[in-house]
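Protein chains: 2
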Amino acid sequence: MTPQRETLTEPMSKTRLRLWLKLLKTSSRIEGELRRRFRDKFATTLPRFDVMAALSRFPDGLKMSELSDLLRVSNGNVTGIVDRLTNDGHALRVAVPGDRRAQLARLTAAGQAAFAELAQAHEAWLDELLQGLDAADAAVLHSLLGKTEGETDAQ
Amino acid sequence: MTPQRETLTEPMSKTRLRLWLKLLKTSSRIEGELRRRFRDKFATTLPRFDVMAALSRFPDGLKMSELSDLLRVSNGNVTGIVDRLTNDGHALRVAVPGDRRAQLARLTAAGQAAFAELAQAHEAWLDELLQGLDAADAAVLHSLLGKTEGETDAQ
Chain A
65 MTPQRETLTE PMSKTRLRLW LKLLKTSSRI EGELRRRFRD KFATTLPRFD
115 VMAALSRFPD GLKMSELSDL LRVSNGNVTG IVDRLTNDGH ALRVAVPGDR
165 RAQLARLTAA GQAAFAELAQ AHEAWLDELL QGLDAADAAV LHSLLGKTEG
215 ETDAQ
Chain B
65 MTPQRETLTE PMSKTRLRLW LKLLKTSSRI EGELRRRFRD KFATTLPRFD
115 VMAALSRFPD GLKMSELSDL LRVSNGNVTG IVDRLTNDGH ALRVAVPGDR
165 RAQLARLTAA GQAAFAELAQ AHEAWLDELL QGLDAADAAV LHSLLGKTEG
215 ETDAQ
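From first to last, the protein sequence lines stand for chains A and B. Numbering-wise, the first sequence is residues 65 to 219 according to the working numbering. Numbering-wise, the second sequence is residues 65 to 219 according to the working numbering.
Just chain A, with the same shape it has in the complex (with noise of 0.2 angstroms):
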């Protein structure tokens, strides 16, 4: 057997641990660039941008249970987020009519405007970090992403 032969043989596992590897450090590097920018250019994180995100999508307001599960991070962190966005103007929370110990945050009109101007930016810097993917490159891409699933949802 030669060299070439063997690598031609590599099992299956092998190949799918070096996809892995590939996948998370491709994942890690953008989500590390729109970090940075989101810091340099807008002296925020991505963590708010994400609330943010998620909040102007229900403009009647969500539970701090639903924003966390939404966003699958802490219940602490989201209430401490929302806590600024609170201070800032960007956000406010609402009792929940017949239930006087749930809030709803929702975000207010200078919220839903800074948060479509950092959506804009995040929607051009996606294009131009993922430049090299052409329209056909995207759905490929798109699709076979698309085949990891079943095994983890099924749970």
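Note that these hints are calculated values from the structure, not bench results. Accuracy of the hints is not assured; some may be wrong.
Note that identical chains are pooled: a pair holds if it fits in a single copy or bridges any two copies.
The list that follows gives simulated cross-link-like pairs (lysine-lysine, DSS-like), each with its CA atoms no further than 30 angstroms apart [to be verified]: (1) Lys211 <-> Lys127; (2) Lys89 <-> Lys105; (3) Lys105 <-> Lys86.
No experiment lies behind these values; they were computed from the predicted model shown.
Here the structure of chain A is known, so what remains is to put chain B in place on it, guided by the hints.
Just chain B now, kept in the frame of chain A:
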């Protein structure tokens, strides 16, 4: 212009944004599953596994600063993990000849054996989690991920 036609002419920036969200969701889902399995089956963590993996590639040892550069985590976190590995007999710190203040961290034989067991499980989990991708899929996905490089690497 019909709704279908509008979908077909989605701007590339929107396509790339959707692709990024899919990529992030995929890597977060798989990473979350790996964290859960490391915790449930080995009572360990992904950062600890990453530190052991880096040390296993450098049998002569690594400085803390080299370790945190390799892993892109803070020096403080790396130091804490190496402290715990040392307490467990999985790593040791050795003096650097000619530099009284520097220390290298190395895996012990017990640490190498423990890492080998974790690495085998990690590879088997990924083989299962990525089983929806065959060798041809993996090659295409690897190559498309490579096409995203260059924008952030050039800086």
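Outcome of the hint check:
1. Taking CA atoms no more than 30 angstroms apart as the test, lysine 211 paired with lysine 127 passes in neither setting, with 33 angstroms inside one copy and 40 angstroms between copies.
2. Proximity of lysine 89 to lysine 105 under the C-alpha cut-off of 30 angstroms is found in both arrangements, the shortest distances being 24 angstroms within a copy and 25 angstroms between copies.
3. For the homomeric pair lysine 105 and lysine 86, the shortest alpha-carbon distances inside one copy (28 angstroms) and between copies (25 angstroms) are both at most 30 angstroms.
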